[in-house]
Amino acid sequence: MVKFRNIRVSLKTGRFYSTRNEYKLICGLEIHTQLNTDNKLFSLSTNAPFKSLNTPNKHVSHFDASLPGTRPKLNYECVLDALKLALSLNCNVNLNSHFDRKHYFYGDQPQGYQLTQHYSPIATEGYMNLYTDIDTIDTPTKKIGIIQLQLEQDTGISHYDNQEKTTMIDLNRSNVPLIELVTKPDFTTIPQVIAFIKKYQNLVRNLDVSTGNLETGAIRVDVNVSVDTYPRVELKNLPNTSSISNAIKYEYKRQVNIIKQGKASELLNCQETRGWNGKETVKLRSKETTIDYRYMPDPELGCVTLDPSIVQNVRNSLPRSSDDEIRSLMEEPYNLSVKNAKLLCVHNEKNEQYTSIEVKDFYLTSFDLFQKSNAKLSFKEKKIVANWVINELLGNLNKLELSLREIKQSFPPEKFVEFIQLIHDGKISNTGGKTLLFYILNLIKEKSISVELNLPKLVNELKIEVQSTINDDELLSQCKDIIDEVNESDPKLIEAIKLGKRINLLNYLVGIAMKKTRGRVKPTEYQRLFKFLLKIE
Amino acid sequence: MLMMIRSSYKTRSVHIVNCLLKQRFYTIQNKGARIGTKFESKQDIDDFLDSNKWDGQELLQSSTECDPSKVPTAPPSDEMIYKLLKLSGLSQKGIDMEEIRTTLTNQIQFIDLLQNVPLSEEEQKYDTNYARLLPRDNKPLKYNEILKLIETQKKNKQGSEISGSWNPTSLATISVNNYYILKKGLLKNRN
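Just so you know, the protein sequences line up as chains A and B, in that order. Residue 398 in my numbering is what sits at position 398 of the first sequence, and the numbering runs on without skipping anything. With positions in the second sequence counted from 1, the corresponding number in my numbering is that position plus 1000.
With the rest of the complex left out, here is chain A:
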């Protein structure tokens, strides 16, 4: 069993691959990122390829459709976004980049070539650092080198109709700005690849240069996989991180098997492109069928010539990095766990109830207010705000399908801190707090308008105030009833508690009692009484 568990853990972390020292996995990435600028790269038609899937060919200028006589005009919004990304990835900015034509014939590319920056990209020689605690990789740190970062056009979208044997073409995506990023082949495990992609997604969202979504095609990843010194295999058609992970696993095993069978000189002797069909990688083309793109400098576009001062100016405009944000939240005065700190700093793509930025703002404001009204908070007390924001507030928002924006009007950080103060001061218990919080949020949801919240009044109405004077006889009777109820349904359980075999079960009884009294009595009181009744030392 132990062995089995160890193997599973190894697989999960990717160590399964790195431990096979005789066959070293080497990966590099090519990532295409759609910029979320208002307009396209070489025209000012609207850049909304995903939103306009149901209205084909709506956002298409004459240039996007490549009508004769049209010329490209660079949209500098895209240049600025590329510079932000380049500097965030510690790249050297090319102050004199230019565009090339990459020729190939395809229905969704009406120009017959793609405008790209193959030979003189806007940035080169950068890197991204991964850390074991923040990025969940299997080494303390890992530096991934970046070869280059270039601006280029996206193509239109082809929809294949296999029955009619036709292709339907939508040019809404034609000329949408892309950044192509090429990493060095520095990845040696799958968790490193996945960590890089996730961190990159968060980066583009933090910079607000892209939606960063793999599922919508805003980010498209190709992976180059090789084993030892054999030529690389390029993997395409990888729509999400699980496909990426599974495709690399499959391809690694396939190449290792070829090497083991002694067929490497025959089957791994040249570069190859393979696709992922969900189960296996399949050959798309080999070196013999490599496309000759016939690059040439675009004669209609000038060089992108930038003043050296722009590097510092753009750097000054960048938001603080997520790594720095996470680290600062893990330190004094917040002392958050890495999990909670990440929750506040890593952009969540799917949650409609709140964004990480909104939660972080709510938390930081609440924390500051709470700290101001409570001098000398202990380490444990400082965590109360994070616990109630992250565990309770967000949990309830998800449950009630309420957005943080909606509730802030009636329940701003000031009111939230007033609520936490009730718990901190012992006026209501944690159980009472949970009842009150759910009641407040449900009230906001039902009223759908701003609600005047009088917390002391609500505590009174809900009868959740912790009782200062306790009637022992009444409580004892309550506890006896609970023991009888439990004994009736599960006598072994009470026996187990009595024998002290399962000490946590005492808390089970306390929980039942707290629920019945809505947390008006402190749990320690119940513990004392249950121990007395069950004769536990």
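Treat the hints with care, since some could be wrong.
Computed list of lysine to any residue pairs in SDA-like fashion (alpha-carbon distance at most 20 angstroms, straight line) [claimed, not checked]:
| no. | chain 1 | residue 1 | chain 2 | residue 2 |
| --- | --- | --- | --- | --- |
| 1 | B | Lys1083 | A | Tyr293 |
| 2 | A | Lys51 | B | Ser1165 |
| 3 | B | Lys1139 | A | Glu300 |
| 4 | B | Lys1093 | A | Val459 |
| 5 | A | Lys498 | A | Thr517 |
| 6 | B | Lys1125 | A | Gly302 |
| 7 | B | Lys1139 | A | Ser309 |
| 8 | A | Lys24 | A | Ser158 |
| 9 | A | Lys516 | A | Lys447 |
| 10 | A | Lys73 | B | Pro1140 |
Reference listing, derived: stretches of chain B covered by chain A, where coverage requires no fewer than 3 residues with Cβ under 8 angstroms from a Cβ of chain A [said to hold, decoys possible]:
| no. | stretch |
| --- | --- |
| 11 | 1044–1052 |
| 12 | 1146–1160 |
| 13 | 1167–1180 |
Okay, the calculated beta carbon distance ranges per label pair [to be verified]:
| no. | chain 1 | residue 1 | chain 2 | residue 2 | range |
| --- | --- | --- | --- | --- | --- |
| 14 | A | Lys279 | B | Leu1085 | 32 to 40 angstroms |
| 15 | A | Gly112 | B | Gln1092 | 13 to 21 angstroms |
| 16 | A | Gly112 | B | Asp1055 | 25 to 33 angstroms |
| 17 | B | Ile1045 | A | Lys73 | 24 to 32 angstroms |
| 18 | B | Glu1123 | A | Lys279 | 54 to 62 angstroms |
| 19 | B | Pro1075 | A | Tyr295 | 23 to 31 angstroms |
| 20 | A | Tyr295 | B | Ser1041 | 40 to 48 angstroms |
| 21 | B | Asn1138 | A | Ser450 | 55 to 63 angstroms |
| 22 | B | Ser1041 | A | Val282 | 34 to 42 angstroms |
If you're looking for bench data, these hints aren't it; they were derived computationally from the structure. We treat Cβ as the ideally placed atom computed from N, Cα and C, and that holds for glycine.
Based on these hints, arrange chain B on the given structure of chain A.
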């Protein structure tokens, strides 16, 4: 290939004139380009385009005279011609191989001419990044200038940049539900 020829031709046209086109373009060398008389009708344009101003063969011959040491370009092989046809999306069936070979040989020779134009010392110092039609004295942009460019750029109200202002598929021979339609299957996998 024609695009390559056009591009190289335009970027180095002045030098070509100096070396190769002494007689035909004498006026350009000495007086610079000039605008001719205005076309009055479509017929004028057709006549202009139909009339031979210079002969490609003559140009290629004159180049050999200009540099007699030059070895004639080897004609492209059948294999190369098939590859070029495939790259250009053209049929490989029913072709006149010899005619294509002659045309390509001339084109390659022409490109050779362009690439071997002697440059002055000053010209050799040019940054090849600027080997294009646009001005060499590109003013470096500062951060605020880029911000201003972004702020002031506007969609062309008379043009096609306003979403839905025109129907792109109206110009297509076949379209269905605002999609362009391609009848033949296409390669599904490419970069």
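* Asked: Which hints from the list above does the structure break, by number from lowest to highest?
  -> Violated: hints 4, 5, 8, 9, 11, 22.
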